[in-house]
Structures are given as C-alpha cells and as structure tokens.
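K.L.:
The primary structure of each chain is shown beneath.
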Amino acid sequence: MKIVLYICLLFSSLLYANVIEVGPTKPIKSIKKAISLAKVGDTIMVHQGLYKEGNIIINKKIVFLGKNLPVLDGQKKYEVLSIKADSVVVDGFKVIKSGYATLEDPCGIKVYNRNDVVIQNNVLDDNFFGIYIQNGRRCIIKNNRLVAYGTEEQKLGNGIHCWKSDSLQIIGNTISGHRDGIYFEFVTNSIIWRNISTRNIRYGLHFMFSNDDAYISNIFKNNGAGVAVMFTKNVKMFNNFFEENWGDAAYGLFLKEISDSYIIGNKFSKNTSGIHMEGTNRIQVEKNVFEANGWGMKILASCSDNVIKNNNFLGNTFDISTNGSLVLNTFNNNYWDKYEGYDLDKNGVGDVPFHPLSLFAVLTETNPSAMLLFRSFMITLLDKSEKILPSITPDNFIDNSPLMHSLAL
Amino acid sequence: MNRIIRIIFLDILKNKIILAYTIILGILSWSSFGLEDNSAKGLLTILNIILFTVPLVSILFATIYLYNSSEFIELLLSQPIKRKKIWLSLFLGLSLSMILAFFIGAGIPLLVYSADSVGLMMLVVGCLISLVFVALAFLSSILTRDKSKGIGIAIMSWLYFALLFDGIVLFLLFQFSDYPIEKAMVAVTALSPIDLARIQILLQLDASAMMGYTGAIFKNSFGTSLGLLISFLLLCSWVIIPFFISLIKFKNKDL
Amino acid sequence: MIEIKNLNKKFGKLEVLSDVNLTFKKGECIALIGPNGCGKTTLIKTILGMVIPTKGDVLFNEKSILKEYLYREQIGYMPQIGRYPDYMTIGQIIEMIKKIRNSNQTLDEDLLKAFDLEKIFGKQMRTLSGGTTQKVSATLAFLFNPEVLILDEPTAGLDPLASEILKDKIIKEKEKGKLILITSHLLSELDDMITQIIFMQDGKVHFHKTIADLLESTNEQKISKAIAKILKSQSNE
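Residue numbers (the UniProt record's numbering), protein chains in the order written: chain A, 1 to 409; chain B, 1 to 255; chain C, 1 to 237.
The set of hints was computed from the structure by calculation and includes no laboratory data. Certain hints may be false.
To be verified - Examples of chain C residues toward chain B, derived with CB under 8 Å:
no., residue
1, Val51
2, Leu66
3, Leu70
4, Arg72
5, Glu73
6, Pro79
7, Ile97
8, Lys119
9, Phe121
10, Phe207
To be verified - In silico lysine-lysine, DSS-like type, Cα no more than 27 Å apart, as pairs:
no., chain 1, residue 1, chain 2, residue 2
11, B, Lys41, A, Lys267
12, C, Lys172, C, Lys119
13, C, Lys13, B, Lys249
14, B, Lys251, C, Lys10
Stated by the list, open to error - With the Cβ distance kept under 7 Å, some of the chain A side facing chain B (calculated, not the full set):
no., residue
15, Ser369
16, Leu372
17, Leu373
Predicted, not measured: the structure shown is a model, and the values here were computed from it. Ideal Cβ positions, reconstructed from N, Cα and C, are used throughout, including at glycine.
Same shape as in the complex, but just chain A:
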C-alpha cells in the first residue's frame, strides 16, 4: 500500500505538485510554516524529529507525510492535529500527549465535518481522544496504533471516535488503554474490519444508533465491559473474537434494543457472559462458538423471535440463562456439551430434546448468592432431577434437535 502511495506521490509531484520538506536539517523547520506555504495538492514531507507546535491545523487538501515517525507533541495542552479540509492524507506520524478537557474533547487527530480523509500508519500515544471523525463521510482509518494509559473513565477519551458519519472504513487498527476502543454514534453504512481492541477501560467497541454497519474479524479482548451494541438495527457481526471480558457487569457482547441483525461465526470465550441480550428482535445467532464462559448466553424475557442455531456450546458454566418464563426464541441444531441424550438412528441428532436452562441457572438469577453452592453435590442432584422432571424451568425452553457432535467451526 505504502509503495503504491509513494509511486503515486512520485508521479503526482512530477506532474504538477510540489514536495515541501520539513525537518531539523532542512530549510523549513516548522510544520505550520510549511502548511502556510503549501498549495492544494502539494505534499508536505516531515522528517524525523520532535515537533512541539501546539495545534496544527490542516486547512488545505494536501498529503501530510511523516518519514521515520516524526513526533508531534501536544504537550498535554493542545489538540495536536485538526483536519479541516477534504481528502487530506495523514500518514506515518507519531502523535503524542494531546490536551485534556471535558468540554472540547481535544484529540490526537480530529476531522471536522470533512469527507474522504485518510488517516493511516500513525502511532497515537497517550492522547485524550485518539482519532475523532466528526460528521465525516467516506473516511478511512487504517493501520494505526493507539495507546493510552488512564485508569479512570472520566479522564480518558475513546480510541477511535466516530460521530454522525457515513461510509467509514476502520481497518487494521490496534487500540488499547482508552475508554472505549472504538466508538460509533449515528454512524451508518460503515465497516469495522480486522481491528484489535484490548484492555480498554470500558468497552472494546461501543455502538449506538448506528444502522447498517458491519464489523468483521475483529478481536475484542480483556476490555472492562466487553462490547456494547445498542439501539441499532441491521448490524452484521461476523467472525469476531470476544475474549476474557471479565467482571461484575462484563459481557463478551452486550445487545440492547437491536433488531434484524446477524451474529455469525464469532467466538466467545472466557467471558462472564458470552452474549447478553435485552430487548432484541429477529436476530440470527449462527455458527458461533461459546467456550468457557460463565454464562454462554443470557437472553432476557424481553427478547423475541431470535433464532439460535448451529452453535457450539463448550465448557460454559451455564449455557443459557433467562430471567422469566416466557420463551419467544428458537433453538435448533446446536451442539451442547452438557447434552446426555442418545442417538439411536445415528443421524447425528439426539433423539431426546435438550433443556439448556439448568435449574441452578434459574436459582442464581433470582438469588445470585446461591452461586456459593454451585457444583455442590446437592445442587447436582437437584439439577439432575429437574432435567428429568422440569418443574421450575420453563419446559418450552428447549433444543429439539441437539447435535451429537460439535460442529467444525
């Protein structure tokens, strides 16, 4: 990609654009001066060095290129880079120490109401907000590395924060230590692909009022509360990893008021709850793996018409839990490692239905401290007898065709 870009740059500069070089050993030593000299279409090439120039504003359509990661320092006072022109490219900078303010949200790099901006191959270290797209369209944020070090939610901004935008591409970024790794609010028709979001204080991905988006092949690991997707319809969540999101209110994936969406081919492992669903409708949960979670799925009674099929449930403490007796969702052809039925006709599907909801899961839902007795001999007895003669658990909470062998997922 980089090479192609350089070649393009080479050609464009040969044809009609200038390259303005900035560096400690070059004639022009200040970035701000270079910007003021540049014409639309020019390239500013910044060489290695430490630049403390306060707030740098790019208000022309230029290519802003860093060579060997020049450092732009905000000295904890300024927003470092503000982009106020369309089609700007920012490539190869190390942006550090943006200011901190609760009202203005100063950022490492912020795009103000502009389109087609490309921000790539940058390192953002210790900024309040990392990269902020405000009301942008068709912007690309790619292969950036964002790190922050805060411990309190109030003193931390989000890694990649997108608001009221459309057709964005967030690809291959690595984000850790921010409040939310990636934050989407009123963002539509966008894709989040192959990002790694770990150890953020709140959510790995925070997603609200953002319809018609997809996130694919991302890794969300060890975030304070996992991933939250709320008040949205038509989201596609494919092939992501949700791992080790542990804690009091931590979920692999938290869904609230979601409808007409697809959760396919994801892997949920070692989360307190794999998926927590509240008020979701018409969601397809398919071909996912739920492994070693506290609760595989928590489906509250406010959910309806969701289809859960062809998933593997392996080694979860509880596979499914719910808070009511109303069941409006269907389970089909899942593999449950707790299934103890038989398959006489050898068609790979168990001959007796499986009740994925254990008595004890219901007990702990009403009285969480009963967890204290989990796996005690008496509870095992109670659970077994409930499996044979369901009395407390809803009897239509059932997988009628449980698989005998786990699916290759």
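Based on these hints, arrange chains B and C on the given structure of chain A.
P.N.:
Showing chains B and C alone in chain A's frame:
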C-alpha cells in the same frame, strides 16, 4: 517414629481396600478424561470425586482401620513408646496412604491432562480433603469404644458435610434472600471443609462465572491471595483441630 | 521395684479398683488371682500405663509412671488375648517389635526355639490358632530380657506341652531374680512357681501373702485348697 509410620504405612498398602480405591479412582479419572477431547468432563468427574468419594472413603477406611487395629495399638502401648507418638504415627501412616491413593488414582491423570492452575488446585485440595477426613475419622473413633457406633458417627459426619450442610446453606440463602447476607454466607462456608475445597476449585474452574455478580464478592473474599491463604489455613485447621482433640482424648484413654 | 499407692480407677460410675496398695520386689513371683471382673487385668494395665488411674500412683523404681513411657523397656507383657495386625507374618511381628524397641541387648530367644516358631515365620497372623498366637505373645514378652514380666493368663489356650515349656521358662527367669507377675484363675497351674499370692475381689485386695504364710495359716499342702479354705471361713463370718 519413622519406624512405626513405616510399619503402619506398609500394613495399609497391603490392604486390598486401599488398592481397590486407588484402582477405582484411576479408572474413573482416566476414562472421564479420555472420553472427550476437552478436559472439562474429566475435571468435573474429579471434582465430584474430591467432594464425594474422597471424604467418604477416607473417613470410613480410617475409622474401620483404627477400630481394627485396637489390639495393635495395645501391643504398641505395652512397648516403650509415647502415646502421642503412636497416635501421630497412625495418623501420618493413614494420611500418607490416603494421599498416595488419591495421588496415584486421580492426581496423575490430572497432571497428564490438566497441568494448569485448575489441576494443581484440585490436586492440593484433594490431598487436604483426604487429610481432613482422616482427622475426622480419628475423632469419631476415639469418641466411642463401640465399633459400630464409631462407624455410624463417621458416616453421619460425612453425610452432614457432603449433603446436609449445603441443604442448610441453601435454605438460609432463600429464607434470608431479602437481606444482604452474602458476606455472612462466605463466613458460614468456613464451617464445612468440603465447601471450602469446592469454592477454591470453583474459582479456578468457573473463573468466568465467579467473576460476575455476587461472584465478585466470593472472588474478593476467596480469590485474593489473602483469601486463598485463609481458606487453606481454615482447611488445615480442619485437619489439626479434630486430630488434636482426638490426641488429647487418646492420651487419657484407657485401653 | 513396683509400688502401687492408693490406686483408684473408675470406668464411669463403676469402681474397678478401689484403694489398692501393693509392693512388688525383685525376685518375687506373684500370682494375681480372683474371680472374673475383679480388676486383675485393670491393675496390670495400670502398671503398663494402658489404663490411667483415677486416683493414686504407681511407682516403678521409685519413679511415678504417669506420663512416662521409657520404664516399659524393662517390662515384658504377655496379654490375655494377643491380637496382631492380620496381614503381618510371625517373622514380621517379631522384627517389628525388635525395630520398635531398637535395643542393643542380647535377645532371649529360648522360647522362640522351644516353641519352634522359626519354622512358621512366614505364616500370617490371621491364619494362626489361638494357641500359636499365645506362643508368639510369650516369646515377645521374654525376648528382651526384661526385669519385670507381666503375664496375663499365660497358659490359657496353650497345649500342655507348650504350657510346660512356658512354666519352665518362668521358673528359670524367677531364679535369675526377676519380678514376675502372673494372673490366672487356674490355681493348680501356679503351685510350683509362685512365691506370693494376691487375691482380689470387687476391686479390692483381699489378701497379699507369701505362699509359706498361706499354707501355714491354713494347714494345707496345696494353694488351691488353702485359698478355698480362706474364702469359706470368710463367707461364714
């Protein structure tokens, strides 16, 4: 002392019941681990062994062995040996053989299939539980001279710790569910060695679930290194206190 | 050598020994007799430290035996019914006791040879008859050349031949100047060996006399008759 421990230890090892116990543990463990490619089922089997079989066999075998060796104890007493030494040797001999049986039967498959924190925790806790119930056997056999009564006491105490105690806790939990009793309940579990053992294993085995909800309270009280230390000290005191009481009683016993 | 002072023992409410005072010296061979349940075995076990007295004390070489154990090195004890770990062989039992005692003294293996035990060294204890078990017990009691021998019903269960062997051994040891304490209710057995007799009843010492005294005072030739006479005269009183 070593001489007597060795004599007792070798005598127990020749006992067919101990051999059968080891073999049964081994069959259960190996087969449940081998059944599926993940170790979850094997771990659950061993958990149930630790919570159910180990206490039962340890307390019953030790009690019966003590009653059956009353003449041997008499023989030793007529020799120039301290009473304390005899009782301690019996305890160490019995404990050692129960631990050995558990280690060979369940410990080796554990180490082979699950040599991580869960496996190690189970191994340690299984050994401790063996010790606790051997100590309780010493207490129940010293309480009465009548063999059948002594075995009765042993079975009752096993039943109490393995089953009834949890029933009482469950009852309390639901009776007082409107009150903030989590912390009190944490303290209550210290009254049962099996529960202490179970929760320590649970914190390793079901880490994800234990982290959530009030699980956090358990994690905070049991899962910290201080909590771990306290749990182990409590388990150890479940070994030391019953044995110590039995020792005092044995010192003043007429044979 | 052994002094028993104001010894009292209660099992719950039952008084088994009440105010027993006795002194045994070296070279004496004492028969402890009395009806069943008179407290003979309890007395012996108190001396061995197996029963802990409710009141009173036992001195062994002028030292109290309470909380002590080393004095037992000088005692050989043959229990009434010797029972041993089932799966050990005779050889292993003898080896075990040797190891426990761990003494450097020369062993007295007279009985071992006399009873021909070496031939059946490999037999497990649980397969032995009562008599053979008694032979093992006797052998163990004499094995370490102890100063004091305490024999609880030594000849019960032994065949006449073995019984004779044991009696000869007891007499031999007596002549070496050892203190020997025998309980028995077979009075006829004791005639040739004992020098003193203690008769116990209901936890009390009825009388403690030398044989000479006893025979003289009753004008009888046999111990059993002499005792019968005493008992008769007392019941008439």
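K.L.:
Hint by hint, say whether it matches the structure.
P.N.:
Hints and how they fare:
Here the hint on valine 51/C is kept, as its CB sits about 4 Å from the closest CB of chain B, short of 8 Å. Taking 8 Å as the C-beta cut-off, the interface hint given for leucine 66/C is violated, the closest approach to chain B being about 11 Å. The interface hint given for leucine 70/C holds, since its Cβ lies 5 Å from the closest Cβ of chain B, which is under the 8 Å cut-off. Because the smallest distance between the Cβ of arginine 72/C and any Cβ of chain B comes to about 4 Å, under 8 Å, the interface hint for this residue holds.
Given the 8 Å rule on beta carbons, the hint for glutamate 73/C holds: about 4 Å separates it from the nearest Cβ of chain B. Among the interface hints, the one on proline 79/C holds; its C-beta lies about 7 Å from the nearest C-beta in chain B, closer than the 8 Å criterion. Nearest Cβ of chain B to the Cβ of isoleucine 97/C: about 7 Å, under the 8 Å cut. The hint holds. The interface hint given for lysine 119/C is broken, as the beta carbon of that residue sits about 23 Å from the closest beta carbon of chain B, more than 8 Å.
Checking phenylalanine 121/C against chain B by beta carbon gives a least distance of about 17 Å; that is not within 8 Å, so the hint is violated. Interface restraint check for phenylalanine 207/C: the shortest CB-CB distance to chain B comes to about 26 Å, outside 8 Å, so the restraint is violated. Distance restraint check for lysine 41/B and lysine 267/A: the Cα-Cα separation of roughly 21 Å lies within the 27 Å cut-off, and the hinted pair is therefore satisfied. With a C-alpha separation of about 25 Å, the suggested pairing of lysine 172/C with lysine 119/C holds against the 27 Å cut-off.
For the hint pairing lysine 13/C with lysine 249/B, the CA-to-CA distance comes to about 19 Å; that is within 27 Å, so the pair holds. Between lysine 251/B and lysine 10/C, the direct Cα distance comes to roughly 17 Å. Compliance with the 27 Å bound is thereby established for this hinted pair. Checking serine 369/A against chain B: minimum C-beta separation of about 5 Å stays under 7 Å; hint holds. With 7 Å as the threshold, the beta carbon of leucine 372/A comes within range of chain B, its nearest partner Cβ sitting at about 6 Å, so the hint holds.
At about 6 Å, the closest approach between the beta carbon of leucine 373/A and any beta carbon in chain B falls short of 7 Å, and the interface hint on this residue holds.
Violated hints, listed in ascending order, are 2, 8, 9, 10; each of the other numbered hints is respected by the structure.
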